[in-house]
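Spelled out, the chains give:
2 protein chains.
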Amino acid sequence: MPRIVEIRQNVLKKNDYLARELRERFREAGVYVVNLVSSPGTGKTSLLRETLLRLGERYRVAALVGDLATENDALRLRESGADVRQITTGTVCHLEAEMIGRALEGWNLAALDFLFIENVGNLVCPASYDLGENQRVVLFSVTEGEDKPLKYPTIVNSADVAVLTKIDLAEAVEFQRDRFYEGLQEVRPGLPVLEVSVRTGEGLPAWLSHLEAGRRALPETASSR
Amino acid sequence: MPRIVEIRQNVLKKNDYLARELRERFREAGVYVVNLVSSPGTGKTSLLRETLLRLGERYRVAALVGDLATENDALRLRESGADVRQITTGTVCHLEAEMIGRALEGWNLAALDFLFIENVGNLVCPASYDLGENQRVVLFSVTEGEDKPLKYPTIVNSADVAVLTKIDLAEAVEFQRDRFYEGLQEVRPGLPVLEVSVRTGEGLPAWLSHLEAGRRALPETASSR
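Which chain is which? The protein sequence lines are A and B, in order. When we follow the working numbering, the leftmost residue of the first sequence carries the number 1, and every step to the right adds one. When we follow the working numbering, the leftmost residue of the second sequence carries the number 1, and every step to the right adds one.
Please keep in mind that the hints were generated in silico from the structure rather than gathered at the bench. Among the clues, some could well be false.
As the list claims (entries may be wrong) - Derived, one-sided and incomplete: chain B residues facing chain A with beta-carbon distance under 10 Å:
#1 THR42
#2 ALA69
#3 VAL92
#4 HIS94
#5 GLN135
#6 LYS151
#7 VAL187
#8 LEU191
Cβ atoms here follow ideal geometry from the backbone N, Cα and C, with glycine treated the same way.
The task is simple: from the sequences and hints, build the whole structure.
Structural data, given as structure tokens:
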């Protein structure tokens, strides 16, 4: 088995190298990049669609979206009016920096304020792949139960912020908020959490402010507005 | 990259070889083995707990349960009175035949009628790893949305039956049944689907009958009752 481990490490090392290049490209272009990771069905696409719509009123926004199969998410997201590209991975369970680099070909990044990357629905594998993003957001939904942060610590540890989605359903599924926060606190003390419901709009202003604050904290570059 | 692909194929080949050995052991012992795969939070553990409780009244049942971290699921499942062992995978995103073999050490399989394996919550990677099971069950919940079969075709194609969970919440989340079934039909025409709600008990008798029918179809062995 040591040979397999060694080769896996080489793959990761190559990804880290490519991610560093991406990060440098993003910095030069002055675009703020957000990587959304979660289980399938947590509501990444719904939140992203709403985010593109609302931020799109004041900023230049775009998205890359990863799935094993179908262009469905890109189609849904394009309804927001933003430029969206789909990455289909076939059987690969996560996005890699190389896929991002390829999907960005021909795009003028300097013409963007925000670029969102919606990862493949998977709470395990995307944790290990840096995409050069400024911010990694891990999403959990109240319908998944309270124990997910404890059971998927790797992804929680790689995130910069957690978003709890579908909070309008919290009562219907008898979601125990205390247990969720205790688990998250145990894995990653101090990780900021934002609660949102795309359906009712609750929490969306705070989410958008959070993104804007992140972008404002970027160092100034030639192409910043 | 060809070297990496080759080694990945060797890992899979080794798994297939070990899975064949497991399948032979299970057959000799006369135990019926069910592998449950789904996203995190679809309700594998809830359904399994109820299944162990109800089947446990008439059969000898046990379970292996996989997670990256925590023994929580094994603790929850042991409340049913069944023998349950936890497999913690660390950062590995699926169970492998080798892990199953190790976890079964010292267990008298011939003393069991049903063995359930709850896979790591992941709708991608477990598709590629045969665990020697008689039946692979892929679970989707109404809270995940209708489009998941289309977006995760690999796991759908590797399953013997699909279970749609949390159907008591279908109305609250405005689940569009037709779209779900259309997508499933497109990926895998004719795949049987069972709808269940552990909370209300709806669909559980059909689910249990389905399992019993599977076991009855096993060829007779010396250790069968």
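**Q.** Cut-off 10 Å, beta-carbon criterion: hint that VAL187 of chain B touches chain A
**A.** Result: holds, 9 Å to nearest chain A Cβ.
Q: Tell me if ALA69 of chain B is really an interface residue toward chain A, meaning its C-beta lies closer than 10 Å to one of theirs.
A: holds, 5 Å
Q. For the hint on VAL92 of chain B, does the least C-beta distance to chain A fall short of 10 Å?
A. Since the shortest Cβ distance to chain A is 8 Å, the answer is holds.
Q | Hint status (Cβ of LYS151 of chain B to nearest Cβ of chain A, threshold 10 Å) | A | LYS151 of chain B check passes; min Cβ-Cβ to chain A is 5 Å, inside 10 Å.
Q: Go through the hint on GLN135 of chain B and say holds or violated, using the shortest Cβ distance to chain A against 10 Å.
A: Since the shortest Cβ distance to chain A is 22 Å, the answer is violated.
(Q) Hint THR42 of chain B vs chain A: min CB-CB distance below 10 Å? (A) holds, 8 Å
Q: Would you check whether LEU191 of chain B satisfies its interface hint, that is, whether its CB is within less than 10 Å of any CB in chain A?
A: violated, 16 Å
Q) With a cut-off of 10 Å, does the beta carbon of HIS94 of chain B approach a beta carbon of chain A closely enough for the hint to hold? A) At about 8 Å, which falls below the 10 Å cut-off, the nearest Cβ of chain A leaves the hint on HIS94 of chain B intact, so it holds.
Going through the hint list in order, the structure does not satisfy hints 5 and 8.
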